[in-house]
Amino acid sequence: GDSVTQMEGPVTLSEEAFLTINCTYTATGYPSLFWYVQYPGEGLQLLLKATKADDKGSNKGFEATYRKETTSFHLEKGSVQVSDSAVYFCAPPYGNKLVFGAGTILRVKS
Amino acid sequence: NAGVTQTPKFQVLKTGQSMTLQCAQDMNHEYMSWYRQDPGMGLRLIHYSVGAGITDQGEVPNGYNVSRSTTEDFPLRLLSAAPSQTSVYFCASTLDRNTIYFGEGSWLTVV
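Which chain is which? The protein sequence lines are P and B, in order.
In terms of the working numbering, the first sequence has 48 at position 48, counting the first letter as 1, and numbering is strictly consecutive.
For the working numbering, add 1000 to where a residue sits in the second sequence, where the first one is 1.
In short, the hints are calculated from the structure, not lab data.
Backbone N, C-alpha and C define an ideal beta-carbon position, used for all residues, glycine too.
Keep in mind that a hint or two might mislead.
Computed cross-link-like contacts, EDC-like style, restricted to lysine to aspartate or glutamate with a CA-CA straight-line distance of at most 16 angstroms [unchecked claim]:
hint	chain 1	residue 1	chain 2	residue 2
1	B	K1009	P	E42
2	P	K60	P	D84
3	B	K1009	B	E1104
4	P	K77	P	E15
5	P	K60	P	E76
6	P	K56	P	E76
7	P	K97	B	D1096
8	P	K68	P	D54
9	P	K52	P	E69
10	P	K56	P	E69
11	P	K109	P	E15
12	P	K49	P	E16
13	P	K49	P	E63
14	P	K97	B	E1059
15	P	K49	B	D1038
16	P	K109	P	E16
17	P	K97	B	E1104
18	P	K97	B	E1030
Computed list of chain B residues with no C-beta within reach of chain P, every gap over 12 angstroms [to be verified]:
hint	residue
19	T1015
20	D1026
21	N1062
Just the calculated beta-carbon pair ranges, DEER-fashion [what the hints assert, rightly or not]:
hint	chain 1	residue 1	chain 2	residue 2	range
22	P	K68	B	V1050	25 to 33 angstroms
23	B	E1030	P	A17	35 to 43 angstroms
24	B	G1063	P	E69	39 to 47 angstroms
25	B	E1104	P	I105	13 to 21 angstroms
26	P	T28	B	D1096	12 to 20 angstroms
27	B	D1096	P	D54	18 to 26 angstroms
28	B	G1016	P	G41	24 to 32 angstroms
29	P	E42	B	D1056	21 to 29 angstroms
30	P	E42	B	N1098	16 to 24 angstroms
31	P	S110	B	G1016	41 to 49 angstroms
32	P	E69	B	S1067	42 to 50 angstroms
Sequences are here, hints too, so could you generate the full structure?
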């Protein structure tokens, strides 16, 4: 069935470092892809999305490009801040059961 | 437009007690779901509903009941609380499975 594989964390970076969190998917067809973020003590919220191959989603300095040839949707940010410390979820292609994985914990040190 | 509202935010229960976590959304979303989040386990789907009168089990349904009598409300009932149900619970809703909206969470401790 449709699913995603997301790199495990935690990822610990210094402020202003470059961030990559890998996500690859298996799906029938070319579904929309999403990244969600969960800040401490809060629920998940949509960070960015891409609706078709070669689309780039972007928000708050984060980017992810929908790569059909590698079935990937890696999350990147050029210069992380302490305020980016959170859990990041690559959301699976959607069916009726919206199942998320464990997410990747990002810790940014000042 | 309040989004997804969960109550209570914090609750302590004794083993064997029952309670209901409330979830309401005002966006006219057909799809609603409940998750629990435990350290290192990510979000696990408990139950979901694709519309009023329709519910189905997720990954970890045991010990929980749900009902969906209206589009707006999707309560989660713990029938006989156990310490293993200590967790953070999130309710979510979506119109077209595109953007999912989450509540702020309910922290439950069973002693």
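Verification of the hints:
1. Restraint check for K1009 (chain B) and E42 (chain P): the C-alpha separation of about 11 angstroms stays at or below 16 angstroms, so the hint holds.
2. Of the supplied pair hints, the one linking K60 (chain P) and D84 (chain P) holds, its CA atoms being roughly 9 angstroms apart against a limit of 16 angstroms.
3. Only pairs whose Cα atoms come within 16 angstroms are accepted, and K1009 (chain B) paired with E1104 (chain B) is accepted, the gap being roughly 8 angstroms.
4. Among the hinted pairs, K77 (chain P) with E15 (chain P) is consistent with the structure: their alpha-carbon atoms are about 11 angstroms apart, no more than 16 angstroms.
5. Only pairs whose Cα atoms come within 16 angstroms are accepted, and K60 (chain P) paired with E76 (chain P) is accepted, the gap being roughly 11 angstroms.
6. Taking the CA atoms of K56 (chain P) and E76 (chain P), the gap is about 11 angstroms. The hint holds against a cut of 16 angstroms.
7. Between K97 (chain P) and D1096 (chain B), the direct Cα distance comes to roughly 13 angstroms. Compliance with the 16 angstroms bound is thereby established for this hinted pair.
8. A threshold of 16 angstroms between alpha carbons decides the hint, and for K68 (chain P) with D54 (chain P) the separation of about 7 angstroms falls inside it, so the pair holds.
9. For the hint pairing K52 (chain P) with E69 (chain P), the CA-to-CA distance comes to about 12 angstroms; that is within 16 angstroms, so the pair holds.
10. Distance restraint check for K56 (chain P) and E69 (chain P): the Cα-Cα separation of roughly 15 angstroms lies within the 16 angstroms cut-off, and the hinted pair is therefore satisfied.
11. At roughly 6 angstroms between alpha-carbon atoms, K109 (chain P) and E15 (chain P) fall within 16 angstroms of each other, so this suggested pair holds.
12. Straight-line distance between C-alpha atoms of K49 (chain P) and E16 (chain P) comes to about 24 angstroms, which puts the hinted pair past the 16 angstroms bound.
13. For the suggested pair K49 (chain P) and E63 (chain P), the alpha carbons sit about 9 angstroms apart, so the restraint of at most 16 angstroms is met.
14. Pair hint K97 (chain P) plus E1059 (chain B) holds up; C-alpha atoms about 9 angstroms apart against a cutoff of 16 angstroms.
15. Among the hinted pairs, K49 (chain P) with D1038 (chain B) is inconsistent with the structure: their alpha-carbon atoms are about 26 angstroms apart, more than 16 angstroms.
16. Simply put, K109 (chain P) and E16 (chain P) have alpha-carbon atoms about 10 angstroms apart, close enough for the 16 angstroms limit, and the pair holds.
17. For the given pair, K97 (chain P) sits about 21 angstroms from E1104 (chain B) by alpha-carbon distance, which is inconsistent with the 16 angstroms threshold.
18. At roughly 14 angstroms between alpha-carbon atoms, K97 (chain P) and E1030 (chain B) fall within 16 angstroms of each other, so this suggested pair holds.
19. Look at T1015 (chain B): its CB is around 26 angstroms from the nearest CB on chain P, clear of 12 angstroms, so calling it non-interface holds up.
20. D1026 (chain B), annotated as away from the interface, keeps every beta carbon of chain P farther than 12 angstroms; the closest lies near 16 angstroms.
21. Consistency note on N1062 (chain B): stated as away from chain P, and its beta-carbon is indeed over 12 angstroms from all of that chain's, at 16 angstroms minimum.
22. For K68 (chain P) and V1050 (chain B), the Cβ-Cβ distance of about 29 angstroms falls inside the hinted range of 25 to 33 angstroms, so the restraint holds.
23. For the pair E1030 (chain B) and A17 (chain P), the supplied restraint of 35 to 43 angstroms holds, since their beta-carbon distance comes to about 42 angstroms.
24. In this structure, G1063 (chain B) and E69 (chain P) meet the distance hint of 39 to 47 angstroms, their C-beta atoms being roughly 44 angstroms apart.
25. With their beta carbons about 20 angstroms apart, E1104 (chain B) and I105 (chain P) fall inside the hinted range of 13 to 21 angstroms.
26. Range check, T28 (chain P) to D1096 (chain B): Cβ separation about 18 angstroms, and the 12 to 20 angstroms hint holds.
27. Hint check: D1096 (chain B) to D54 (chain P), Cβ distance near 23 angstroms, so the stated range 18 to 26 angstroms holds.
28. In this structure the supplied range 24 to 32 angstroms holds for G1016 (chain B) paired with G41 (chain P), their Cβ-Cβ distance being about 29 angstroms.
29. Between E42 (chain P) and D1056 (chain B) the Cβ separation comes to about 27 angstroms, which falls inside the hinted range of 21 to 29 angstroms.
30. Remark: the range hint 16 to 24 angstroms for E42 (chain P) to N1098 (chain B) is upheld by a beta-carbon distance near 21 angstroms.
31. The hint said 41 to 49 angstroms for the Cβ distance between S110 (chain P) and G1016 (chain B), and at roughly 46 angstroms that hint holds.
32. A beta carbon spacing of about 45 angstroms between E69 (chain P) and S1067 (chain B) agrees with the range 42 to 50 angstroms that was offered as a hint.
Violated hints, listed in ascending order, are 12, 15 and 17; each of the other numbered hints is respected by the structure.
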